[in-house]
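Novice: Sequence:
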Amino acid sequence: MERQSMVNLRKRAMMNENKAKAFMRGLKRLDSIIIYKQRQLEELRTQAEKITAEMNPDRVQTSNANSRESLLTKIADLDVEIERDIKFYCIEQRQAMGLIDSLEDSDHIEILTKRYLERKDWGNIAVGMGYEVRQVYRKHGRALQELNKLLERCQ
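In the working numbering, the protein residues as written are 223 to 377.
I should point out that these hints are in silico values taken from the structure, not numbers from a laboratory.
Some clues are possibly wrong.
Keeping only pairs whose Cα atoms sit at most 25 Å apart, straight-line, the calculated BS3-like set for lysine-lysine is [what the hints assert, rightly or not]:
id : residue 1 : residue 2
1  : Lys361    : Lys272
2  : Lys361    : Lys342
3  : Lys336    : Lys272
4  : Lys241    : Lys309
5  : Lys259    : Lys272
6  : Lys309    : Lys336
7  : Lys250    : Lys342
8  : Lys296    : Lys371
9  : Lys371    : Lys243
10 : Lys336    : Lys243
11 : Lys371    : Lys272
Simulated restraints on C-beta separations [what the hints assert, rightly or not]:
id : residue 1 : residue 2 : range
12 : Ser289    : Arg375    : 52 to 58 Å
13 : Arg316    : Ile257    : 16 to 22 Å
14 : Thr295    : Lys371    : 45 to 51 Å
15 : Leu263    : Arg360    : 38 to 44 Å
16 : Leu339    : Gln269    : 30 to 36 Å
17 : Lys371    : Ser289    : 51 to 57 Å
18 : Gly350    : Ser324    : 21 to 27 Å
19 : Trp344    : Cys376    : 25 to 31 Å
C-beta: ideal position from N, C-alpha, C; glycine also.
Required output: the full structure, derived from the provided sequences and hints.
Specialist: Structure below.
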C-alpha cells in the first residue's frame, strides 16, 4: 500500500511538472505559429504583386481580377488572425514573465527566461551561465518544479 501511494505521488509530481512545461512550451509554440503565418502572409503578398504586375489595363482579365481579389481577401483575413495571435501571445508572455519573476532562485529565473522567452538552446544557456549542459538540465527541472508550485497557488 505504501508503495502504491509513493507511485501516485510521483505521478502527480510529474503531471504538475508537465503543466509548467506545457505552459512554457505553449509560448514557444504560439511564437512559431505566428512566425509561420507571417511567412504565409508574405508569400500571399508576393503572389498578389505578381498578379497585379501581370494585369494589362487595356484588356479585361476577369480570372486575374478574381484571383487577385481572392488573394487580397486571404491577406486581410490572415493579417487579422496574426494580429489576434500576437495580442494573445503578449498576454501569455506577460503572465509567464510574472510567474518566472516570482521565483526566488536567480538561476531558475535566468534559465526559464532564456529558454522559453528568448528561445535559446541549452548549449548557449550553459555557456552564458558558466555551467555544463547537464547542470542546466538539472536546474531547469528544479525551476519547473518551483514554477509548478506557483501555478498550483494561482489556481
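Novice: It remains to establish, for every hint, whether it holds in the given structure.
Specialist: Evaluation of the provided hints:
no.: 1; hint: Lys361 / Lys272; in the structure: violated (52 Å)
no.: 2; hint: Lys361 / Lys342; in the structure: holds (15 Å)
no.: 3; hint: Lys336 / Lys272; in the structure: violated (41 Å)
no.: 4; hint: Lys241 / Lys309; in the structure: holds (23 Å)
no.: 5; hint: Lys259 / Lys272; in the structure: holds (20 Å)
no.: 6; hint: Lys309 / Lys336; in the structure: holds (21 Å)
no.: 7; hint: Lys250 / Lys342; in the structure: holds (11 Å)
no.: 8; hint: Lys296 / Lys371; in the structure: violated (44 Å)
no.: 9; hint: Lys371 / Lys243; in the structure: holds (12 Å)
no.: 10; hint: Lys336 / Lys243; in the structure: holds (14 Å)
no.: 11; hint: Lys371 / Lys272; in the structure: violated (54 Å)
no.: 12; hint: Ser289 / Arg375: 52 to 58 Å; in the structure: holds (55 Å)
no.: 13; hint: Arg316 / Ile257: 16 to 22 Å; in the structure: holds (19 Å)
no.: 14; hint: Thr295 / Lys371: 45 to 51 Å; in the structure: holds (48 Å)
no.: 15; hint: Leu263 / Arg360: 38 to 44 Å; in the structure: holds (41 Å)
no.: 16; hint: Leu339 / Gln269: 30 to 36 Å; in the structure: holds (34 Å)
no.: 17; hint: Lys371 / Ser289: 51 to 57 Å; in the structure: holds (55 Å)
no.: 18; hint: Gly350 / Ser324: 21 to 27 Å; in the structure: holds (22 Å)
no.: 19; hint: Trp344 / Cys376: 25 to 31 Å; in the structure: holds (28 Å)
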